[in-house]
Amino acid sequence: MEYCDRQVRIARRKCCHQPPNLGKRKRRAAFVVWEEGDDLDLQEAIWTCKNGQIQRRHPSIRSGGEIETKIEKREKEGKKRKIPKKKDLVEMTSKGAMSSGGGDDASAARRNSKKPQYSRFTQQELPACKPILTPGWVITIFIFVGIIFIPIGLASLFASERVVEIVDQYDKDCVPNKYSEDMVGFIQSSETNKTCSRTLTVPKLMKSPVYVYYQLDNFYQNHRRYVKSRSDKQLRSSAYEKDTSTCSPEATTADGSPIVPCGLIAWSLFNDTYGFSVNDKALEVSKKNIAWKSDQDYKFGSDVFPKNFQNGSLIGGAKLNSSIPLSEQEDLIVWMRTAALPTFRKLYGRIEEDLEANEKITVEIQNNYNTYAFGGNKRLVLSTTSWIGGKNDFLGVAYLLVGGLCLFLAISFILMYVIKPRPLGDPSFLSWNRNPAGHFN
Amino acid sequence: MSPAGRIREKLRWSHLYSFSCLRPHVKELEGPHSLGGPGFSRIIHCNQPRMHRKKPLNYTSNYISTTKYNILTFLPKAIFEQFRRVANLYFLMAAILSLTPIAPFSAVSMIAPLAFVVGLSMAKEALEDWRRFMQDMKVNSRKVSIHQGDGKFDYRPWQKVQVGDVVKIEKDQFFPSDLLLLSSSYEDGICYVETMNLDGETNLKVKRSLEVTLPLNEDLAFKDFAGIIRCEDPNPNLYTFVGKFEYGGQIYALDPNQILLRDSKLRNTAYVYGVVIFTGHESKVMQNSTRSPSKRSRIERKMDCIIYFLFSLLVLISLISSIGFAVNTKFDMPKAWYLQPKNTTNMYDPSRPALSGIFHLVTALILYGYLIPISLYVSIEVVKVLQATFMNNDLHMYDEETGHPAQARTSNLNEELGQVDTILSDKTGTLTCNQMDFLKCSIAGASYGVRSSEVEIAAAKQMAFDLDGEDSTHSGVSMNNCSIEDPWDNKSVHFEGSEIELEAVVTSKDGKEQKPLIKGFSFEDSRLMDGNWMNEPNADVILLFFRILAICHSAIPEPNEETGSFNYEVESPDEGAFLVAAREFGFEFCRRTQTSVFVRERYPSGHPIEREYKVLNLLEFNSKRKRMSVIIKDEDGQILLLCKGADSIIFDRLAKNGRTFQEDTTRYLNDYGESGLRTLALAFRKLEEHEYSAWNSEFLQAKTTISSDREAMLERVSDMMERDLTLIGATAVEDKLQKGVPQCIDKLAQAGLKIWVLTGDKMETAINIGYACSLLRHGMKQICITTMNTESLDQDDKKAVGENVLMQIANASEMIKLEEDPHAAFALVIDGKTLAYALEDDTKHQFLSLAVNCASVICCRVSPKQKALVTRLVKEGTGKTTLAIGDGANDVGMIQEADIGVGISGVEGMQAVMASDFSIAQFQYLERLLVVHGHWCYKRIAQMICYFFYKNIAFGLTLFYFEAYTGFSGQSVYDDWYMILFNVILTSLPVISLGVFEQDVSSEVCLQFPALYQQGPRNLFFDWYRIFGWMANGLYSSLIIFFLNISIFYDQAFRVEGQTSDMAAVGATMFTCIIWAVNCQIALTMSHFTWIQHLFVWGSIFTWYIFLILYGMVSPIISGGAFHIFVESLAPAPIYWSVTLLVTIACNLPYLAHISFQRSFNPMDHHVIQEIKHFKKDVEDRHMWTRERSKARQKTKIGFTVRVDAKIRHLRGRLQKKYSSMVV
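Protein sequences, first through last, are from chains A and B.
Residue numbers for the first sequence follow the working numbering, beginning at 141 and rising by one.
Residue numbers for the second sequence follow the working numbering, beginning at 46 and rising by one.
Since the hints were made in silico from the structure, they are not lab data.
The beta-carbon is built from N, C-alpha and C at its ideal position, and this holds for glycine as well.
Incorrect hints may have been included.
[To be verified] Only pairs whose alpha carbons sit at most 30 Å apart, straight line, appear in this in silico DSS-like list of lysine-lysine:
hint, chain 1, residue 1, chain 2, residue 2
1, B, 340, B, 910
2, B, 387, A, 447
3, A, 459, B, 387
4, B, 564, A, 254
[Stated by the list, open to error] Some residues of chain A that are not near chain B, with every Cβ distance over 10 Å (derived):
hint, residue
5, 309
6, 329
7, 334
8, 382
9, 397
10, 421
11, 459
12, 502
13, 535
[Unchecked claim] Which stretches of chain A does chain B cover? Using the computed rule of at least three CB atoms under 8 Å from a CB of chain B, they are:
hint, stretch
14, 371-379
15, 546-555
Let the sequences and hints guide you as you build the complete structure.
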């Protein structure tokens, strides 16, 4: 629009007189189009600017919208000729004035009412950047991606390498031999002794905090029936205690009073426990702050206490201490964040001590949880973390692969380009020139 | 009433007219039709409309309605229409099912988008129908004067007109229904009718009443008028009518000559009275009109195929999923105690896995519904509406004169504009303005008239330019043209448009001379003007020439008060041009009486003298005779026969001593013809008194004969008289082409489009126009397929004619096959009657293959129905996109039949525009409409649809993969809201901006390189290769997105605090990757970034984060797992960001590699041009740029450029000869 401003200035310079008796705003408008030989119609009169004198013509003709039209017309004319220089602009404006001098009758204005307004938008002439994938850009992009990705990959791999992880599958080993044929019976029986002791060796120094996880296999926490079977309202506030409609089939007890927390997820809460000791000295496992902060603060109410939980005929997993509010039951909170995949780890606790290399850790496991029925495995995991989280070689490898691929593409592109170069914008590559029926070349 | 009007009323044309004013004296009906039998049962009680208000004669009212719906039927019908789209039906089912627990999503997330989509489409339908309704109302409320009884007439709206009413129509009014003509302001009951809206013919037709009704020529005469008409039932045949009229105890036969058809216009006649026969939808025009078909573009139809494909894919994966679920439920679920398998509903019943499987199938069908983009239709609709807005607002397609902008009336064909293969064009009002200008003449072997025709000017300039362009190779030629080159070259710098900047030349010329133009007269030669002709060698011949111009016609003068001169009411515009020319030469035709023509002659005396010429006979023009003559007696008693006609006809009839000027005249006629002018030869014959009277008695006898061969007899007798003529000269009239038509045709031809002209006009006119707009040129081999008179042929003869036509076609095809010269071009000219045979089922394919081999095709004398049939033949026979363009109601059929109908919103009625899909003010805007908007829209829509499928496959399949990890239970990894927003907000705006703003090359380049247009007809951007390429890309992306995420988030802690990821975190991360991947993909697809694209693409990604933050802030009851997810866990985790980067790059890498390798080693045309533009090579190497521009055209054999090429070849040949002779 700077162009327009310039034009207004020029128009002003060329303006002979102000048209008389026009309001302030109109006078401003009048300035815009008031030129030698030009006509201006405002409300009831047409004023003509001629030889520096104002003349009034055709007093009966009324029309509106002429002013804008003229500006546009001139602007359009300017556009069409694409004259960037100031000197030319002056010439052009005077030409425009001459050409638009004639059509001043009312019918022209009426006809022009359908005329589309000029704007760069409607004419699809918005300034645009039109990036072109030149070979230079292509090579730069590929090499750049390669150069960025390979260090990231290396860094991830390095971080992953530094993570120390101990994984111990204990489900089968913790079942006494005599029950090996009937592991489900073993786990379901209330008489069997489920305590089981395991010894783990620390391969490398594990700096605190060392995270304790349990890992389950083949457990479909993401099954739709399972995922849906909870009531966020009930978990959040005691006022919604009876809001168990989404919790079926673990919504209410047989007599109809609501179960808190209701639903299959809570009902199947994991209930193995671990006790750690090194050299007969117990290692303290912190169970604080293992859940997501927001869950504890907002999702699980501090005024909601377990009620009627696990006292039906069918007992699922762990029982809850009904004197502790849900917001403090961090194991439950962790468990209720359903995992995305049927194999998952969940945080059990944290050991706030360094574990030296080759230390033997004795783990006292209360093997309560029934994974035997559905053929799942249970593992105990001790792991440190790095900036990428746990041990995760895949991320680094993937980065290296993609980075390498980019470099490979860059090289092959360069090679192809050296073998078969194409000058940019070479018209001989146009289809009508490549076509043998074409004229020449 | 004007004085001329009064004169006119007294005229009895039937005395003068010989051929068309036949009046049958047959009182008994003959022929095979049995009135009263089936198909001929209509009975009309004239002047007793009350009889037709009740049964059994209650015929329909004159109210017409072309709307699709009314208020009551709108909802059910429109909804039905909407759900005829498969995708919509599917979503409707999904929405209904979402109310049950089977659905994996909440009901709102299914219903809301569907309601939005359907509502939007229905609103559009309603608006369009409302417009139609308003148009109908306008027609229905036109006023007409109806007899109210007791001889009183009063104005009533059209819709009140009833069968049996007597109506009075005044001059220049349309007929409200089909009428029986009773009487007119002329004493002999004839009237002139313009049937432009029916057949597009501009010359007036004469209709005449029965003799018996002639006295009914004033209002009061209808007081006691009564009669009964028995006639055929409503039918669509415009040119037939069978009926009889019982009046005064007698029975008279009726034929089409007494029938005035609805939508034709009364001309040159002050008023007529008529009885209404057919009203409203029963009128012949309305019977002829077909419901406007809803058109769908090729791309959209293909899109449907893809949707079917995706639908089958959807069913397939749903089946896999449900089988998986059934197996899982049967074998695994009983063991999974945590799901309480014993305590379940049908949906998860391990004891009835098959039932659960079936339930799950429905769930899965809904779950994977994201494969079928629901927002696709809406987005396309939005994009098309915006594209249409751009067309409507294009200032380059706005006509200053009429004030009409271009208008896209239906927006669903935008992309089809980019794929047009054949253009079928009307002539009158489309290519020409239907205005004739007297431009040149040849008198007594000398040519007068210095002004050049448009064709000549353009050819000259083009030649000069072309020679300039080739000066490096042919300096010998260009040296001679140096002086012409320079001014042109300068101009071409200023106007970057086309090479043929004809208007610039013409206007600059006009500016210099400042000559006021007289309508119809562009002649300029001082030798003839202002009486100078008297000094010419053959002054007496010139005098005679002017007199022929002034006398030999059938026009009526009407004084024009303002200018003091006369306006002429003429049957054809040529005649008008002649009369204007005669007036300018000083021979002003000023009065006509029953027997005489008065001409005010300024010369040779120098001051005006009114001379009287007695008109003894008038042998009028018809297409068979191709000539017209008058026999006059001048004031000296000399009897003369003055004749004008087609040159070939006249030359055959010259006397031995009348051929003095034949050789010269022939030469000039050829020149004129080549310049695209319509030519007529003028001749005369001196008659002796006895010679005339002998002939006249024979003629009178023939004229009064009452038998079927009367016309043949008349023709024979006339022929006897029109012999032994003396040639005087020839006239050349320019049929004014509309502005820019030749250039536009040239450009369109270069863009590879074929242009057919279908016209209702006569063959000669059509051929002349063919020349004028360079569809024909000299040296082109014309194949004329015609038949002899085919009226009154019985079955066997018709068969013979059919065989004859077939043979002609076969011969022509053979000829084309045998042609060896690569520059040879063929033109096919065929007339309507022959076309009727050619369009028969057994012939039409041969006809089509012949037509396709011809460079240009001109069909003349075609009826509206034939226009539609030809269009259908081309459309179905070639299987390519056709575009029909026309301006009159006679073009409606073809406009509706063609894939795209374009109406010219000029001066004619609005019927064509109403039926069209696009309307433009002038033919020349067609170039921009197709080459710029069509090209853009095609590419935009094609890319948009491809991308749409890509993104929905990329997204939808991740849902499927995840199923495999959830035991096919139907759980989705994403939050419901993510999925709603995916199509509605997060990815829709970028794709809309792609569809609206993408430009591969700028509009100037589109126009400069017409060959780029061929990317559309060749369908380079929406072929199966490309579609499946995009789908494969989608599949690849889905795999990358899902498996990279799953592998990385498999079981490990992702936060530094040791927490592992849950479903919400994995889902959000995966979704982030999708958003990045698809939006980066679209950025790679675009080649044109304005701030809008930047805003939408990057804004969409940004919006996702904003949404995630905001969604995380609402109550956890609503947001569930997504509560605080971004702020608390995702954003602080580096792995979240590194996964996003990795997946985004990995997804787009193959596509990036593909396009960069393709562009660098196998570029397409627009790539190269983009580069040239980008590096400003066009500015640096102007020569190369011009050369490429001139090469960037399809091989064509029509248009200016080719014409000029041919001429250059010709010149070069001559030059070579000259050189060789000099060498020798």
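Structure versus earlier hints - violations, ascending order: Hint 13 alone not satisfied by this model.
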